[in-house]
Each structure stands twice: as structure tokens, then as C-alpha cells.
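Student: One-letter residues, chain by chain:
Protein chains: 2
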Amino acid sequence: MPRRTLKLGAVLLGVGGPGQHNTWLHPEIPGDASVDVHWYIARARAAEAAGFDLVFIVDSQFITENSPHHYLSRLEPLTLLSAIAVHTSRIGLVGTLTTSYNEPFNVARRLYSLDHISGGRAGWNVVTSGDAGTAGNYSRDEHYDYPTRYGRALEHVQVVRGLWDSYEDGAFPRDKETGVFFDPDRQHALNHKGEYFSVAGPLNLERSPQGQPVIFQAGDSEEGRDLGAAVGEVIFTHAASLEQAKAFRTELRERAAAKGRDPEGLLTLPGIQVVIADTDEEARAKEDARLGTKSFDRALRELGRPFGWHDFTRYDLDAPFPDVRADAQRSFRTQAEAITKLARDNGFTLRQVVEHLNASARSPFVGSPETVAGTIEHWFEEGALDGVNITVNAPSEFALFTDRVLPILRERGVVRREYESTTLRGNLGLPVPENRYTAARRAAEPAALAP
Amino acid sequence: MPRRTLKLGAVLLGVGGPGQHNTWLHPEIPGDASVDVHWYIARARAAEAAGFDLVFIVDSQFITENSPHHYLSRLEPLTLLSAIAVHTSRIGLVGTLTTSYNEPFNVARRLYSLDHISGGRAGWNVVTSGDAGTAGNYSRDEHYDYPTRYGRALEHVQVVRGLWDSYEDGAFPRDKETGVFFDPDRQHALNHKGEYFSVAGPLNLERSPQGQPVIFQAGDSEEGRDLGAAVGEVIFTHAASLEQAKAFRTELRERAAAKGRDPEGLLTLPGIQVVIADTDEEARAKEDARLGTKSFDRALRELGRPFGWHDFTRYDLDAPFPDVRADAQRSFRTQAEAITKLARDNGFTLRQVVEHLNASARSPFVGSPETVAGTIEHWFEEGALDGVNITVNAPSEFALFTDRVLPILRERGVVRREYESTTLRGNLGLPVPENRYTAARRAAEPAALAP
Chain A
1 MPRRTLKLGA
11 VLLGVGGPGQ
21 HNTWLHPEIP
31 GDASVDVHWY
41 IARARAAEAA
51 GFDLVFIVDS
61 QFITENSPHH
71 YLSRLEPLTL
81 LSAIAVHTSR
91 IGLVGTLTTS
101 YNEPFNVARR
111 LYSLDHISGG
121 RAGWNVVTSG
131 DAGTAGNYSR
141 DEHYDYPTRY
151 GRALEHVQVV
161 RGLWDSYEDG
171 AFPRDKETGV
181 FFDPDRQHAL
191 NHKGEYFSVA
201 GPLNLERSPQ
211 GQPVIFQAGD
221 SEEGRDLGAA
231 VGEVIFTHAA
241 SLEQAKAFRT
251 ELRERAAAKG
261 RDPEGLLTLP
271 GIQVVIADTD
281 EEARAKEDAR
291 LGTKSFDRAL
301 RELGRPFGWH
311 DFTRYDLDAP
321 FPDVRADAQR
331 SFRTQAEAIT
341 KLARDNGFTL
351 RQVVEHLNAS
361 ARSPFVGSPE
371 TVAGTIEHWF
381 EEGALDGVNI
391 TVNAPSEFAL
401 FTDRVLPILR
411 ERGVVRREYE
421 STTLRGNLGL
431 PVPENRYTAA
441 RRAAEPAALA
451 P
Chain B
1 MPRRTLKLGA
11 VLLGVGGPGQ
21 HNTWLHPEIP
31 GDASVDVHWY
41 IARARAAEAA
51 GFDLVFIVDS
61 QFITENSPHH
71 YLSRLEPLTL
81 LSAIAVHTSR
91 IGLVGTLTTS
101 YNEPFNVARR
111 LYSLDHISGG
121 RAGWNVVTSG
131 DAGTAGNYSR
141 DEHYDYPTRY
151 GRALEHVQVV
161 RGLWDSYEDG
171 AFPRDKETGV
181 FFDPDRQHAL
191 NHKGEYFSVA
201 GPLNLERSPQ
211 GQPVIFQAGD
221 SEEGRDLGAA
231 VGEVIFTHAA
241 SLEQAKAFRT
251 ELRERAAAKG
261 RDPEGLLTLP
271 GIQVVIADTD
281 EEARAKEDAR
291 LGTKSFDRAL
301 RELGRPFGWH
311 DFTRYDLDAP
321 FPDVRADAQR
331 SFRTQAEAIT
341 KLARDNGFTL
351 RQVVEHLNAS
361 ARSPFVGSPE
371 TVAGTIEHWF
381 EEGALDGVNI
391 TVNAPSEFAL
401 FTDRVLPILR
411 ERGVVRREYE
421 STTLRGNLGL
431 PVPENRYTAA
441 RRAAEPAALA
451 P
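Chains as they are written, first to last, in the UniProt record's numbering: chain A, 1 to 451; chain B, 1 to 451.
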């Protein structure tokens, strides 16, 4: 068995870490980076040059004036990734698509098309849309409730995976001598009839290089974790502390095992904000300076998002934190509950909650290259993560990681030295699911198909 | 007013002209061209080098064993065009997306994303899906009937166009000095509530280089023509004869004028199969040879498509043509009716219909370079077309057109010598629709906004 190695992802223009609310102000990042395909291509190529496994594109379909800057106007993930695909050759391309407002046939086709275009580097970050307002852009009076959102998501992924198995290898002989283009015996209609979807199939796109593009998932709610354990192959999460990360990864692996899956087929990649300088002290000063730039007013407005964009500006800042969890029932419920619990447990006022959240945006991955490398290695060896998703976009800051931290991790054998495969699945070391019909054929005629 | 010039489109792997049923057998075309992004990029670059206005990608979401070869397995249009976009710089990129099985918000966003990625070269071929079986891939018991299909299509396009006006120019100052990223006064929610769709908006993507990507349309039914006259800017059609083409273009222009539109904003581009050789005689022989390659059996099966994939193999070939128009009510009704009328008017048997259709697949654009150039010029000057959509994929055949026919047309001033714009809209000479809110602002404060 090959040695387990740390996986590397780069989140392009995600928002979440300290100082990221005003990424657009960074002198090295063009103000219109989120609509500039050439900026994305350059970042993906830099990540590929450093041997990263994947780039990841976040997404949403609902905005308000208070949305994070780059969310107000940004390229659609699949069109963007397709453009990146033809200017890169090894790095994985992971796009976010919601199961709540896309048809499974269209999702299956677009991701499979990307898998063909990229030579086997497509990944799907499955989301259910947390902004309740999204419903208004899709002819619905209100967003789906949690059980429906996640019930649809699970069935949606199952349908997409079923459509991806529409063709076995060899379904298209395309033999110009004999004139045989197609072998109908290797084409299979899905004929799915479920609770939320009825999809006949087959897909109109043959088996792709990966066969099954890689499934990514990030939900943190009970329903979200259950979905991740059921169908996720890579779980995006956050990493506030070693203990929390370890507990999360352990729980996910146990849930997957309880569902009969091999936990090795489930990788956990927290998004981490690395802050690197020559010395630990300089790095801490750098983080302090960055945290100090966020305005209280903006933080107060952004606090509304998990609560269904609840308007917190209308409350007395020095009164106890208001209970507005009801507004979060069709939004980011788990996040809203965690914030409310934090306020209750500590008796925080609204002002204190905002200040605490700003301060607690501190990253555990701050320090000299040796310190950051050591922390990552420690978390990896302790079983707190299988890889990291770097949320740094400024080229010089990203280069501090690739040029100064990665060499240390490679020296120690934590990170592989070169790409080991041409596919994302191959580089992540994930098993290649056999086509279900080929598997059935093999079971029925073991001799005929023995390797 | 600049001289009217002939527009040029290249249909990549469309099916329709003589001999195209077995394009895949052509020695110059890879058998798997329809899933090979590099093949498409090479063809688009060849068309761009020849100064073509656009490449066009056809699409469908339902297949049967008898579907045209390249339809069985092909890349999804928008992911494909995005990949082509970043390997070309001037040619327009027109993709087919159905209004029947896509949400307007998603369509608006994907096309706008392509317009940003390509620097203003996106076009949308609006279709309603003619294959009734498509419904089964989208959780519907049956396809929409004609009035609903086209009612939805019109409203869908209106919503998409409304979403494209979500932002005026200047909505994103992104001034790093002042810290102003966004000007909410230049963002507008659509708040559409219609018969088929309710879409609040705004879109999460700023005004694109074209402002409004170009709308293409091809329906030939009464409802289809009405949609084209209402919202189409370029109409794809076929061209069996000069008279028919002229009557079609005249009718479309009259319909558009009756709707209060300037007919100059509506271009008609028939798809044409050019067959070129040194002499007219050699060209005719070349076409004969190509027509002769189609098997009767395959033609009989493909005849089923407009009739909702009706199975014609079960009839006596020498009995009168059966009346199966009922099966076409939710499919390609107009095409099915035309075939039935042909059979009735001529008293044709089923066998005669198939033979007649195969023989009538002859192109009017067959001959020496001088003959073909002359025919195109004549049709253009007679008002039968505003441009042609070349349906030839073999590089050597395409080169006969670009290297031998186009120079003649350029010499005569029928085709422009160089790209005149960086956008598709600019190259097609179509007016640039002003943002509706900017227009309203201008009307309200004429002095402030005067140029």
C-alpha cells in the first residue's frame, strides 16, 4: 500500500478566512478578478506548477448588497472550469453546483463534458443552496426545508451517478472499416423513478476518463454530514482547532463505515488560511494587521447571512444577542445555531458576538515556513485531515506556501513530489468505481472478462 | 450606412446535409470528433482564420439507437464553447440551450459567463426541444404541447434578457483608493412574475462586453416563426430553393416589422452544404457519390424522428404513406406535417417518401468555386439570405470554401475582408441594445447623460 500523502487544494476567491472580506483591495489582486478568466487561469497554472491536486470554485445564486464582494459578480463555475481545463493539464477542477436548482440530467452532462474536456479532472462540489432567497430566482415561493433539501440532494447524486454509468467502456467502437459506430449492448437506460426525480436516460455522452467524476461535499449540519458520509469522496470543512478537526474527520469516517463504505474512500480537506513570514512573530503581526482591517459595520451585516440575511443592524448592540434562529430554518441553519449557542453560553451581547467572531477568525496555520509545515504535518499525522484547501489568493502569499512550506513537506515525505496520475481521482488516490453494468457482466461471465 | 455584407457561420458536427449522416466515416474526421475538444478548437480556429463570424453547436437531450451518430455522444455546448473561447479571439460562439428544460436564471448566467470569458462573443440558439422523449429525462410525464413550449420560450427569453440588464455600466467602480467596490444604484432586481416563471434577480454577474448576447432561433412552425420574429436576431433555417429562402426571409422580416421591430435587426442564415470541385461537373459527381452512401434502412429509421421517433420499419414499404402525425404533436410537428403533405400530394408510398427525401437532400450550392460563389452572391443580392451557415466539417472540404470561394466573394465586396469588431454583435452589424435602466435614466435626466 502506498504511503498516505497530504492532498492539496486551492480555493480560488473563496471567502471565509481572516482578511478575506476585502481580498479585492489586495494590491496584487485585480479588483475584477472574479470576472477575469485570465486571472483564474494564471492562478490555476501557478497551483499546477506547485503540484496541487485541485482548484476549487465556490458558488451561490442569490446575492444581497451585503454579500461578500466577489460573490456579487462572478463567473459561473462550469464555464469557468472548462476554460481553465484547456490551459492546464494535471490539476483537478472542482466546481460547485446545487442539487436544489439544477436538473440531474443537466448536471450529469455538464460535469461529464468537463471530464472529457479536461482528460479526467472534473470534480463536483454538491451543495443544496443555503441562501433561502435563492428560491425567488427559480420560480419557487420558498426554499426547500432541510429534509427535502437533503433528500433531493442524495437522490440527485444517485441519479447523476447512474447517468454516468450509461455507457460501458467499448460502447463506441467507431470502426471505420466495418462501419460499426456504436454497440447498443453497452448502452444502458437508467429508468430511475424516485421520490423527487424520474430520469429515464441514457445520458448522451460516453464514459469519461474518470468514469465517475469525484464527489465533493461540505455540509456541516446533521443532514449535511449524513450526505457526505453517504456519497462524498472529499469533504470540505473548516479547521478551528486540531481537536475539532480530528473529531470531525473521525465522525465522518465512522458514519461512512456505518454505511458500508471504506473510510479510506473519504478524504477530509479543511480550508485553511496560511499566514507565513520569516519568523513566527512577523507572521503573527501580519495576521493581526489583517484582522484589524475589517469594519465592525460590515461584519454586523454579514452576520445576517446564516440567519437568512436577517438584518442585525436594527438591534441594540449592547443588549443580549437576539434569538432569530427561526429565520435560519431554510438557510445555513447549523451555522446560525452555533452562533446562537456561542452567545448563550457566554452571555454575549450582539456587539460581543461580532467582535468574538472577528477575533476567532484567527488561523491555526500562522508562522514561519517551518512552523506552518510542522503544524500541517502534525494535524495530518494526528488524523485531523487528509489534505488542506489553501484559501490564499495573492500570488506572493501563495508563493510563500508553495516555495517555502511545500519543499519542507516534500522533504519529509508528507507531500508527493510529482503528479502520479493524469486524473483527479488518480492523484487523490481514490478508488475507480467500476461501471455497474460491467460489474454485473463480470459477475455473470467471470471467465469471459477475467483480466 | 455601411454596405451590407454576407455573414458566415460554421456548424460544427451538425447533421442535415447530404452525406452528413456518416460524417464520422470521413477519413479526415476522427471517429470521436464529437467528444474531442481539441478537434472543435482546431475547427473553430480554422473558421476564425478565414474570418467567419461564428461557430454554432447544435444540441439535444434525448437519444435513441437510431439517432444520428454524433448525437449519441457529444460534449455539452456551453462547456465546449468556453474551452473554444480561450483558444480563439474573434469568432462568435453560438450554443444551443433549450428553454423547456433549463431555468432562466441558469441560462442567463451561463451565457453571460461565456460572454465575459470570450470578451463578447456569446450567442444563444433558443430551442424548445423537439424530441418528445426529452421529457423523460427531466421528471415529466410528457413533453409540453406546442402552445406551452413556445409560450414558455418567449417568456424565458424575456426573463433572461431582463436578468442581463441587472447591472448598468459602472455598477462596479472597484476603487481601491476610496474602498468603493459596488454602486447599488446601478443594480436592478427584475422581480418578474409571469405565466411560467417568477424570477426576482438580480443576476450575480455584471454587464458583459455585449450587454446582451445575440439571440439565435430556428423554429419553422407557426409558433417558431412567431418566436423568431419576436426575439430572434439571427434565424437559422434551411434553403431548398432561392424562392423558398426568399419567401421565408421576407415573411420573417414582415413579422418582425409587424411587432414593431426594425427588420434590419433580424438576419437569416440558412445552413448550406457546399460541394466544391474544380469544375461543376466534378462537383456534381462528388455530390452524387455522397448521396449514394446512405443506406435505405438507416434513412427509414431516421424518418421516425420528426414523428416522435415513430417506428416506420413496421409498415409495408409499398403501401401508401401511413398517417402518424398524431405522434408528432409534441415533437417536430411542422417537419412531420411537411413530409405527410409531400406523400399525400404525390401519392407516395413509404418507400417513395424515403427515396424522395434522400434524393431531395441535394444542395443548391454545388459546383466550381466560381459557380458556388456566384450562387451565394445571387441569393444574397436577391434577398434570400443575410449569410450562410456552412455545414461542412472535413478540413479539406472546408478549405475549398475558405481558400477558393471566399476570395471571390471578398473580391466582389460581398464578404468583409477583416473582422470589424471584437464582439459577435459588432461583427454581425446588429444594434447594441442599451441597458433598460440606463435608457430610463437617460430619459429622466437627458442633460446629465448626454454624450
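Keep in mind that the hints were calculated from the coordinates and are not lab data. Computed from a predicted structure; not experimentally measured. Don't take every hint at face value.
Each pair may be met inside one copy or between any two copies, as identical chains are not told apart.
Unchecked claim - Pairs of lysine-lysine, DSBU-like flavour, derived with a Cα cap of 30 Å: (1) Lys193 with Lys286; (2) Lys294 with Lys341; (3) Lys246 with Lys286; (4) Lys246 with Lys176; (5) Lys246 with Lys193; (6) Lys176 with Lys294; (7) Lys286 with Lys176; (8) Lys286 with Lys259; (9) Lys246 with Lys259; (10) Lys294 with Lys193; (11) Lys193 with Lys176.
Student: Could you figure out if Lys294 and Lys193 sit no more than 30 Å apart (CA to CA) within one copy, between two copies, both or neither?
Tutor: neither (50 Å within a copy, 38 Å between copies)
Student: How would you label the pair Lys176, Lys294 (within, between, both, or neither) given a Cα cut-off of 30 Å?
Tutor: Between copies only: 15 Å across chains, 64 Å inside a chain, cut-off 30 Å.
Student: Which holds for Lys246 with Lys259 at a C-alpha limit of 30 Å: within a copy, between copies, both or neither?
Tutor: Only inside one copy: Lys246 and Lys259 sit 20 Å apart there, 66 Å across copies, limit 30 Å.
Student: Have a look at Lys193 and Lys286 and pick one of within, between, both or neither, based on CA distance no larger than 30 Å.
Tutor: Classified as neither; 55 Å inside a copy, 50 Å across copies.
Student: Since the copies are identical, ignore which copy is meant and state whether Lys246 and Lys176 lie within 30 Å (CA to CA) inside a copy, between copies, both or neither.
Tutor: neither (56 Å within a copy, 40 Å between copies)
Student: Go through the copies and call it for Lys294 and Lys341: within, between, both or neither, with a Cα cutoff of 30 Å.
Tutor: within (24 Å within a copy, 72 Å between copies)
Student: Go through the copies and call it for Lys193 and Lys176: within, between, both or neither, with a Cα cutoff of 30 Å.
Tutor: neither (38 Å within a copy, 53 Å between copies)
Student: At most 30 Å between alpha carbons: which applies to Lys246 and Lys286, within, between, both or neither?
Tutor: For Lys246 and Lys286, the Cα distance is within 30 Å only inside one copy (27 Å; across copies 71 Å).
Student: If the cut is 30 Å between Cα atoms, do Lys246 and Lys193 qualify within a copy, between copies, both or neither?
Tutor: neither (39 Å within a copy, 48 Å between copies)
Student: As a check of your reading, is Lys286 near Lys176 (CA-CA no more than 30 Å) within one copy, between copies, both or neither?
Tutor: between (64 Å within a copy, 20 Å between copies)
Student: Could you place Lys286 and Lys259 in one of the four classes (within, between, both, neither) given a Cα distance threshold of 30 Å?
Tutor: Result: close neither inside a copy nor across copies, 44 Å intra and 63 Å inter.
Violation of the numbered hints given earlier is confined to hints 1, 4, 5, 8, 10, 11; the remaining hints are satisfied by the structure.
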